[in-house]
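Asks: Produce the entire structure from the sequences given, and follow the hints as far as they go.
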Amino acid sequence: MSAIVFDRICKQFGSFSALDEVSFRVEQGDFFALLGPNGAGKTTLISILGGLARATSGTATVMGYDVVQDYRAARSAIGIVPQELVFDPFFTVRETLRFQSGYFGIRHNDDWIDEILLNIGLAEKADTNMRKLSGGMKRRVMVAQALVHRPPVIVLDEPTAGVDVELRQSLWAFIRRLNEAGHTIVLTTHYLEEAETLCNRIAMLKQGRLIALEDKDTLMGHGSARSLRIVTTAQALPDSLMPLVTGGSGPEFELKLADCCALEDILGELRRAGIGLKDIEVTKPDLEEIFVDMMHR
Amino acid sequence: MRFYTLLQKEILRFWRVAFQTVAAPVLTALLYQLIFSHSIGQHVEPYPGVSYAAFLIPGLAMMSMLQNSFANASSSLIQAKVTGSIVFILLPPLSYLEFFLAHLLASIVRGLVVGIGVIAVTLFFAMPPFSHPVWLLLFMVLGCGVMGALGIIGGIWAEKFDQLAGFQNFIIMPLTFLSGVFYSIHSLPPFWQALSHWNPVFYMIDGFRYGCFGVSDASPWQSLAVVGVTFALLAGITLQMLRSGYKLRH
Ligand SMILES: Nc1ncnc2c1ncn2[C@@H]1O[C@H](COP(=O)(O)OP(=O)(O)O)[C@@H](O)[C@H]1O
Ligand SMILES: [Mg+2]
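Protein sequences appear in the order of chains A and B.
The opening position of the first sequence corresponds to residue 500 in the numbering used here, with each subsequent residue numbered one higher.
The opening position of the second sequence corresponds to residue 6 in the numbering used here, with each subsequent residue numbered one higher.
No lab work stands behind these hints: they were computed from the structure.
Incorrect hints may appear among the rest.
The calculated lysine-lysine pairs, modelled on BS3-like cross-linking and capped at a C-alpha distance of 27 Å, are [as the list claims (entries may be wrong)]:
(1) A:Lys705 to A:Lys715
(2) A:Lys783 to A:Lys755
(3) B:Lys252 to B:Lys165
(4) A:Lys637 to A:Lys624
(5) A:Lys777 to B:Lys165
(6) B:Lys86 to A:Lys624
(7) B:Lys252 to A:Lys631
(8) A:Lys777 to A:Lys715
(9) A:Lys755 to A:Lys715
(10) B:Lys252 to B:Lys86
(11) A:Lys637 to B:Lys165
(12) A:Lys783 to A:Lys705
(13) B:Lys86 to B:Lys165
(14) B:Lys165 to A:Lys755
(15) A:Lys637 to B:Lys86
(16) A:Lys755 to A:Lys777
Replies: This is the structure in structure tokens:
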């Protein structure tokens, strides 16, 4: 059974089509990144899982439960951290988390609540009113609220926006531990390097359509080709290499590198021409470059 | 458990600020009682043997109950919507029925607490005989229930605080003031008297007065029927709104 299944999901807002026949699966145990520029439909897709929005057509399931027909089971199986920073100013952190547990039918949840608070670095703020927390702390409470019922599937919609770098690291360490403990994680993020280091699978949305769905390694592999940067002893390269040059001017050049065999050929050419190497570097495109590349296609 | 948690939260949120949500309306009612019973009280006796000061008590108590039970549900919902924190009750597996009942009951509790407070402080002015306590309690609960349901409708419908204020000023206030809080409707000109008979709030107050004094303008059974039907109708509308996700789930 897949953790999440989207089957031909369409969502119209009036005549505007926010999602257009989106279908994909997230498998149990995945650390899944949902990427796409602003307005691509990521939040709308997540809202459909939590019942905050209803699909115009198509179906979605969480752990096998239909999000409309079986909404109670589906919502018990998923913890969603919404994108917008929201909080109830009437209560303390602990009260907020106790109420949230109660909404999921869980009594006496303090042990787990304490464990979450410890992990997100809020143990000392347990009895502080929500109003008195900084933005980053409120955001972390929202993460805690999504975890009170130990959901097998955890969805984070841009969770690190507004959280400072250090805390971002500890938050991800915690999420990664949850993933290792068997929770399925789905996240949307602006910080592509986060998706690159954390996730094993990546989907890309553009204007409501799914344009890529791949293992991260595959996606990173077939992105734009690798490139080679060399610093030589000469001011010019042999003519045979000129078609490969993408930038730089003597003695520093940048060359397109189709694959690793191409490297040997290039080095051979240089040797034959009697040109020495002072420095050499092979660079792999990062997710950001692949992302930008796909979005412009 | 889910329902009980939501109810507990809704009660706690007004109780935490009881100074504004309970003490303030009780004080307001006390001032009305003070001013009206002294300025008009000497000259009228609305029912034989019932002083104006005593007559005023159930009217004021009911008016305060109705306003506060409306305010409870509507302000809680509009606030949660405007701040966005409503997602925290939309994401869990709460059914629309649980959602409805929790907000409704919390409103009734607030209404009753305020109502009992108003009665308690106004007893210094006059002591109604409380002839039919069961009728009395029934109309208290039903009246608050009607306004609690209306509060949920208003809170869901309104997108801004001022829309809610409009709802309050143009619907709730006229209905309560044209219902015989301060007078027996028999003292009104025929047109307004006839109009009052179309106002469900009139029956809430009249039924409540019957519980207090054993006399009223309409029969308590008629009042019960009107108030009961009004409640059933509003509850039906509210449940339908919640079930369809109107303005809450797009
Ligand atoms: N409630 C709504 N009414 C009308 N349009 C909406 C609504 N919610 C989202 N949209 C539109 O749907 C598109 C997708 O939005 P969203 O899912 O928030 O994108 P993302 O999260 O990828 O930035 C946007 O163009 C947005 O303006
Ligand atoms: Mg978004």
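Asks: Now tell me if each hint is right for this structure.
Replies: Tested hints:
1. The straight-line distance between the Cα atoms of Lys705 of chain A and Lys715 of chain A is roughly 18 Å, inside the 27 Å bound, and the hint therefore holds.
2. Only pairs whose Cα atoms come within 27 Å are accepted, and Lys783 of chain A paired with Lys755 of chain A is accepted, the gap being roughly 11 Å.
3. A hinted pair counts as satisfied when its Cα atoms are at most 27 Å apart, and Lys252 of chain B with Lys165 of chain B qualifies at roughly 13 Å.
4. As the CA atoms of Lys637 of chain A and Lys624 of chain A are separated by approximately 11 Å, the hinted pair is consistent with the 27 Å bound.
5. In summary, the hint linking Lys777 of chain A to Lys165 of chain B is not supported, as the alpha carbons are separated by about 68 Å, beyond the 27 Å threshold.
6. About 26 Å separates the Cα atoms of Lys86 of chain B and Lys624 of chain A, which keeps this hinted pair within 27 Å; it holds.
7. For the proposed pair Lys252 of chain B and Lys631 of chain A, the alpha carbon gap of about 30 Å is over 27 Å, so the pair is violated.
8. A C-alpha spacing of about 34 Å is found between Lys777 of chain A and Lys715 of chain A, which places the hinted pair above 27 Å, so the restraint is violated.
9. Restraint check for Lys755 of chain A and Lys715 of chain A: satisfied, since their Cα atoms lie roughly 22 Å apart, inside the 27 Å limit.
10. Our distance criterion of 27 Å between C-alpha atoms is met by Lys252 of chain B and Lys86 of chain B, whose separation comes to about 10 Å.
11. Between the alpha carbons of Lys637 of chain A and Lys165 of chain B the distance comes to roughly 24 Å, so the proposed pair stays at or under 27 Å and holds.
12. Of the supplied pair hints, the one linking Lys783 of chain A and Lys705 of chain A holds, its CA atoms being roughly 24 Å apart against a limit of 27 Å.
13. With a C-alpha separation of about 9 Å, the suggested pairing of Lys86 of chain B with Lys165 of chain B holds against the 27 Å cut-off.
14. For the hint linking Lys165 of chain B to Lys755 of chain A, the alpha-carbon distance of about 58 Å lies beyond 27 Å, and the restraint is violated.
15. Among the hinted pairs, Lys637 of chain A with Lys86 of chain B is consistent with the structure: their alpha-carbon atoms are about 18 Å apart, no more than 27 Å.
16. Only pairs whose Cα atoms come within 27 Å are accepted, and Lys755 of chain A paired with Lys777 of chain A is accepted, the gap being roughly 19 Å.
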